[in-house]
Amino acid sequence: MDLDSTPINANHWDIFCVVVDNYGDIGVTWRLAKQLAAEYAITVNLWVDDLKSFSHILPELDAGQAYQTFFGVNIIHWNDSSIEEYSPGQCLIEAFACEIPSSIIEGLTKLKQTNPIELPIWLNLEYLSAEDWVEGCHGLPSFQTNGLQKYFYLPGFTDKTGGLICEQNLFQLRDNWQSDDANKMALFNQLGLRGIEPNHHVISVFSYETPSLLGLIQSWQAEKSPIHVLIPKGRSLNSLTSILACSVDKLVAGQQFNLDNVTLHILPMTDQQGYDRLLWSCDFNIVRGEDSFLRAQWAAKPFIWHIYPQEDDYHLIKLEAFMQIYCDNLAPDLAKPWCELNRSFNQGNQIDTVNHWQKLEFNHLPLLQHAKTWPMTALNSADLATRLVQFVKSR
Amino acid sequence: MKTAHEIRPGNVIMLDGSPWVVQKTETTRSGRNAAIVKLKLKNLLLDSGTEQTFKGEDKLDDIILERLDCTYSYFADPMYVFMDEEYNQYDVEADNLGDAAAYIVDGMEDQCQVTFYNSKAISVELPVHIVREVIYTEPSARGDTSGKVMKPATITGGGTVTVADFVKVGDKIEIDTRTGEFKKRV
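Chains as they are written, first to last, in the working numbering: chain A, 1 to 395; chain B, 1 to 186.
Derived from the structure by calculation, the hints contain no laboratory data.
For every residue, glycine included, the Cβ atom is placed at its ideal position computed from N, Cα and C.
Any given hint might turn out to be false.
What the hints assert, rightly or not - Stretches of chain B that chain A covers, calculated by requiring three or more beta carbons in the stretch to come under 8 Å of a beta carbon on chain A:
#, segment
1, 24 to 30
2, 89 to 100
3, 126 to 135
4, 150 to 161
Stated by the list, open to error - As a list, the in silico PhoX-like pairs of lysine-lysine whose alpha-carbon atoms are at most 20 Å apart:
#, chain 1, residue 1, chain 2, residue 2
5, B, K38, A, K160
6, B, K59, B, K40
7, B, K40, A, K160
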């Protein structure tokens, strides 16, 4: 996109994203930008500081191009030069508390003095958390010393929070996909995964490093029916060096390793739609961070959440908060092993992880049923984009 | 200037050209360890209230007002009465004490700082660390001595503090008044 040749749309939204890890922050902002453009016809400028990382989940993206448009979203390489082209729109979102460039803040401060009606609604879109305090902080103003007003927008699981990112037609697409096994088999074939039969158990893994993963895979080796473990190149594999036939850096997508009853498949990178379909197609998903965590819930399949580790084990508090609401309607004899499994996986406790996995039983029907009803419960009255648009309109 | 993380109940900050007394602070952790600070504020000119949220490192314009070292004297509902070294008495509205009210007890000897705006006592700052006696807590369930297992405890004055599992009734504990956190057994 060339800003000079693009008609100025004062109603446009700007989303600023700093890529902290490869897929998390950009994964969330990219989904939000696409949804705002597709469902609300909003012109979105997505400013990203690292297009190379972004291109892992949007393979069509040219990391060398400063301005590009995909799915109706203007993607701008955020650097000192491009930032001079910024013009205020209806909304300015700093994703995950990233620092908006000082030149933009100075410009907005001047605008407040000359033409305050033209000021965008300025939001800090925060990380998702199920903790109680989120309700009390969501939507609160944040008056800055420069005179500008910002708001904190906090995603969450209740109707007093900012909601959860979920496209309007997602559940219909998922149900259609899951209604016919031929879809998952076609996907596995397309990904080059060999030897998977429709009745085999398939587990996707997208975690951080943890000895728990090695423990699980070793326990699955002794299972009676075949298990296929699908892992993309990345951090999960660092935990499995003792069972891999070669070093992690020599692995290539499409490689597979037979370990007794387990077949380990190295996955190629995929775009977000492809990842959704992968989650829909597996019997169980191990996910991490925020974006894949939420998509695993929308997949309506049981999962383990490997939460982003924080100082002083604070992430365990966030994990407990989520497990409490996820298990609210779940029978205690099912909730307990599922929670214990998540706790031990996150604490890196190999033995407990394996024990709790075995208590849970593979394909436990009530857990699967819960995973199917959970998305509608979690979504409450409206998804994040719907609530966000309402929030901006009401300001 | 102070960061939002450094702001304490009793501080007065300038927002949009008005002085606001901080009645309550609540610090939570967002993803990737960033702090979010929620402030309950009262406008000293209009007597109106608001709640605002900040990043922990956001800079806030705290204003230096006249302060006096005082000790707590007595409660005359709805005012807390403090006294300086010369036995002058100052009334502070209970609302303006915010969370600090939970630590105010008869006979306390902690040196507090009373803040004045236009000659009126508007807030009180407690020392960062105070010592209070635990008057009720459940016995240690598992005999944990690591300090990692926590439980609620009621302290003198009726406030509740989350303490280490090894703390017993009658113990004196040190509390950080900025966060309400248990620091150690004294």
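Quiz prompt | Broken hints, by number | solution = 2, 3, 4
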